[in-house]
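A.B. asks: Residue numbers (the working numbering), protein chains in the order written: chain C, 1 to 289; chain H, 290 to 604.
Accuracy of the hints is not assured; some may be wrong.
Unchecked claim - Okay, derived cross-link-like pairs now, BS3-like style, lysine-lysine, Cα gap no bigger than 27 Å in a straight line:
| no. | chain 1 | residue 1 | chain 2 | residue 2 |
| --- | --- | --- | --- | --- |
| 1 | C | Lys129 | H | Lys602 |
| 2 | H | Lys408 | C | Lys123 |
| 3 | C | Lys274 | C | Lys32 |
| 4 | H | Lys440 | C | Lys123 |
| 5 | H | Lys602 | C | Lys140 |
| 6 | C | Lys166 | C | Lys222 |
| 7 | C | Lys166 | H | Lys367 |
Stated by the list, open to error - Partial list, derived from the structure: chain H residues whose beta carbon lies under 8 Å from chain C:
| no. | residue |
| --- | --- |
| 8 | Tyr401 |
| 9 | Leu402 |
| 10 | Ala406 |
| 11 | Lys408 |
| 12 | Thr412 |
| 13 | Glu472 |
| 14 | Ala476 |
| 15 | Thr480 |
| 16 | Leu481 |
| 17 | Ala484 |
| 18 | Phe486 |
| 19 | Val488 |
| 20 | Ala490 |
| 21 | Glu600 |
| 22 | Arg603 |
What the hints assert, rightly or not - Restraint-style ranges between C-beta atoms, simulated for each label pair:
| no. | chain 1 | residue 1 | chain 2 | residue 2 | range |
| --- | --- | --- | --- | --- | --- |
| 23 | C | Asn147 | H | Thr549 | 55 to 61 Å |
| 24 | C | Gly143 | H | Phe322 | 52 to 58 Å |
| 25 | H | Ala563 | C | Asp85 | 54 to 60 Å |
| 26 | C | Gly286 | H | Thr412 | 44 to 50 Å |
Since the hints were made in silico from the structure, they are not lab data.
All figures in this text were calculated on a predicted structure; none of them were measured in a lab.
Note that the Cβ used here is the ideal one computed from N, Cα and C, for glycine as well.
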Amino acid sequence: MVMTAKPVECGPVEEISLPSSIVVTPAAPLPKVVFGARDVSVYYGDFRAVRDVNVDVYEHQITAFIGPSGCGKTTVLRCFNRMNDLIDAARVEGSVTYRGVDLYHRDVNPVEVRRRIGMVFQKPNPFPKSIYENVAYGPKVAGIKGNMDDIVEKALRSAGLWDEVKSRLKVSGMSLSGGQQQRLCIARAIATEPEVLLMDEPCSALDPIATARIEDLMQQIKNEFTIVIVTHNMQQAARVSDRTAFFTTEVNSESDTRTGLLVEVDETDKIFSKPSDERTENYVTGRFG
Amino acid sequence: MPLTTLGVGGREATERIDRQIKSGRIDFGGRMFAAMLFSSLALALLVLVVLFADVFGAGIGVFTTRAESFLSGGLRTKADSAGVFQAIRGTFWIAVFTVVLAFPIGVATAVYLEEYAHKGRLTRFLDLNIRNLAGVPSIVYGILGLTIFVKHLKSFTGGATPISAGITLAILVLPIVIITSAEALRAVPGTLREAGFGVGATRWEVCRTLVLPYALPGIITGTVLALARAIGEAAPILLIGAVTGLLPGQEGLLDPSQLTERFTALPVVIADWARTPRAGFDELAAAAIIVMLVLVMAMNTFAIILRSHFERKRN
Ligand SMILES: Nc1ncnc2c1ncn2[C@@H]1O[C@H](COP(=O)(O)OP(=O)(O)OP(=O)(O)O)[C@@H](O)[C@H]1O
Ligand SMILES: [Mg+2]
């Protein structure tokens with residue numbers, strides 16, 4: 001595990017000094033790396049759930065994680081905001097950097113990490129509090145000043161839930177339907193204005209209209225945020241994401257355990273049109289192998 | 290019949306499905322089991338009813354003839370003038386001390402064990418021993434209270450006082466409060482904690498604003514059950530030095546000066562009267578039991594109200 005507090009250089013950097021004699025045509029600036037995962041393996045006790053993950057997540061992009069169930073997408077996503085700390089048995093190996101800082105350095109405060117890196121969970125998990133309090137909770141604990149009513153309204157509007165709940169903000173978040181709960185959780189996550197949003201299958205319980213809303217929202221906010229989304233919906237990954245990482249599982253025949261691994265990560269167009277790995281091609285074309 | 294037999298796939302199919310989904314309606318095994326469960330419930334209720342009927346039959350006479358002097362009188366050697374006021378007073382103060390000590394310490398311990406401590410061999414060892422402590426006979430706690438609070442800490446507790454008894458009973462029920470609180474905390478869904486941590490709350494914020502409100506109904510129920518057990522204990526407070534026979538003090542219920550005086554309590558008085566061979570004391574014991582039952586029931590009702598209040602709040 002890399003244990004350095006000073007910034008670790010990873011991926012492309014913006015400025016490269018060139019000899020002045022060379023004339024360069026100005027190209028689009030290379031995006032900044034938000035997350036860099038290097039040789040990441042995650043263990044639950046002795047069980048290695050996922051191994052050798054190398055992936056960069058770029059600023060103002062949507063990065064999609066796709067792959068069959070159980071291949072460790074959620075597990076890897078949870079490494080990015082230290083959520084795995086909450087599972088006693090979980091252990092992360094390798095290095096994960098957030099804007100060049102080692103996320104697992106022992107001086108890092110996970111609370112500060114999670115304030116900057118918001119998360120929407122696979123299963124909707126609203127607080128057993130009112131809709132209003134659900135959204136206001138994050139800004140409150142973060143000590144955000146400002147008009148709380150406005151913050152709540154803005155977040156609920158962004159999540160496409162405002163019109164459905166504006167007349168009953170005092171009722172419990174638990175009394176909403178599954179899809180409404182998920183949008184409430186999205187509103188809760190964006191109310192704190194994080195720099196990055198990790199979304200674990202945010203649309204799996206949503207109808208096409210609500211899904212389209214969330215996808216719109218993602219496109220809107222990616223100018224300010226960076227988004228990582230796990231999805232089982234291939235069209236969704238193709239529609240919304242800039243880059244796609246494909247994970248799969250390999251079966252260890254001796255111990256009969258399954259370990260997830262990252263097969264490849266690339267521009268979304270490339271993953272869906274001409275991936276470099278056969279396993280990716282089989283998966284995205286529906287020939288599961 | 291809006292559906293034609295043609296529409297549902299022919300007469301034969303209808304008949305077959307009809308037979309299949311209407312067969313096996315009577316589930317004999319299940320009914321037997323339900324009957325067994327009901328008879329155990331009935332047995333438990335029957336025992337309770339017999340006990341109540343017995344006690345009420347014996348004790349109700351005291352209330353019909355001299356309810357007021359019984360409820361406001363003190364300990365006497367004569368059956369027709371003895372009362373339970375001092376015993377109610379003592380039990381009240383013991384209960385106050387027990388709750389005030391056992392509730393915060395017990396809940397704090399449970400929160401530490403469940404929410405903060407790393408789940409390792411040490412916490413498992415502590416957990417096991419707390420369970421063992423809950424099984425220690427109450428007389429042992431009485432001896433502990435006698436040596437420590439009555440003798441060694443006399444300058445602080447005043448010796449054989451309601452303070453000593455309250456502290457001793459608090460220690461007696463502390464393991465029960467810890468265990469039930471820990472169980473209530475364990476029943477809080479992990480996804481609730483994750484949701485809190487996910488928006489950047491600290492462990493303390495997650496505990497205070499999410500986990501504890503969710504667990505509170507369970508914690509309250511556990512505490513009240515523990516308290517009901519505590520105020521029913523006679524053995525440990527007899528050892529501490531609860532008075533039987535005659536007690537001079539005539540302070541009011543809330544008068545704090547009694548805290549440093551000798552005391553008595555309902556279970557001790559009941560045991561003493563029930564043992565007294567002189568005429569009239571059996572009835573007094575039964576009447577005191579009725580008082581105690583009413584107290585315990587009032588406490589439980591209060592707990593149920595509190596519980597449903599907090600349950601509604603967490604909805
Ligand atoms: N808390 C945990 N304790 C032990 N093992 C776990 C835990 N969470 C996940 N795992 C295991 O890790 C592996 C990867 O799980 P993960 O949830 O990351 O998969 P996933 O790719 O998100 O799957 P899905 O698409 O079904 O959500 C699985 O084999 C799973 O059993
Ligand atoms: Mg998952």
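A.B. asks: With reference to the structure, classify each hint as holding or not holding.
C.D. replies: Hints, one by one, checked against the model:
1. Lys129/C x Lys602/H: holds (8 Å)
2. Lys408/H x Lys123/C: holds (26 Å)
3. Lys274/C x Lys32/C: OK: lysine 274/C and lysine 32/C at ~25 Å, within 27 Å.
4. Lys440/H x Lys123/C: violated (59 Å)
5. Lys602/H x Lys140/C: holds (20 Å)
6. Lys166/C x Lys222/C: Answer holds: lysine 166/C to lysine 222/C is near 26 Å, not above 27 Å.
7. Lys166/C x Lys367/H: Cα-Cα ~72 Å, so violated.
8. Tyr401: violated (16 Å)
9. Leu402: violated (14 Å)
10. Ala406: Hint violated; alanine 406/H Cβ to chain C Cβ min 11 Å, cut 8 Å.
11. Lys408: holds (5 Å)
12. Thr412: Violated, about 11 Å.
13. Glu472: violated (19 Å)
14. Ala476: The hint is violated - alanine 476/H has no Cβ within 8 Å of chain C, the shortest such distance being about 13 Å.
15. Thr480: Result: holds, 4 Å to nearest chain C Cβ.
16. Leu481: holds (7 Å)
17. Ala484: holds (4 Å)
18. Phe486: holds (6 Å)
19. Val488: Interface hint status for valine 488/H: holds (4 Å vs cutoff 8 Å).
20. Ala490: holds (5 Å)
21. Glu600: Check failed: Cβ of glutamate 600/H comes no nearer than 10 Å to chain C, outside 8 Å.
22. Arg603: The hint holds - arginine 603/H has a Cβ within 8 Å of chain C, the shortest such distance being about 5 Å.
23. Asn147/C x Thr549/H: 55 to 61 Å: holds (56 Å)
24. Gly143/C x Phe322/H: 52 to 58 Å: The hinted range 52 to 58 Å holds for glycine 143/C and phenylalanine 322/H, with Cβ atoms some 57 Å apart.
25. Ala563/H x Asp85/C: 54 to 60 Å: holds (59 Å)
26. Gly286/C x Thr412/H: 44 to 50 Å: Given range 44 to 50 Å: holds, Cβ gap about 49 Å.
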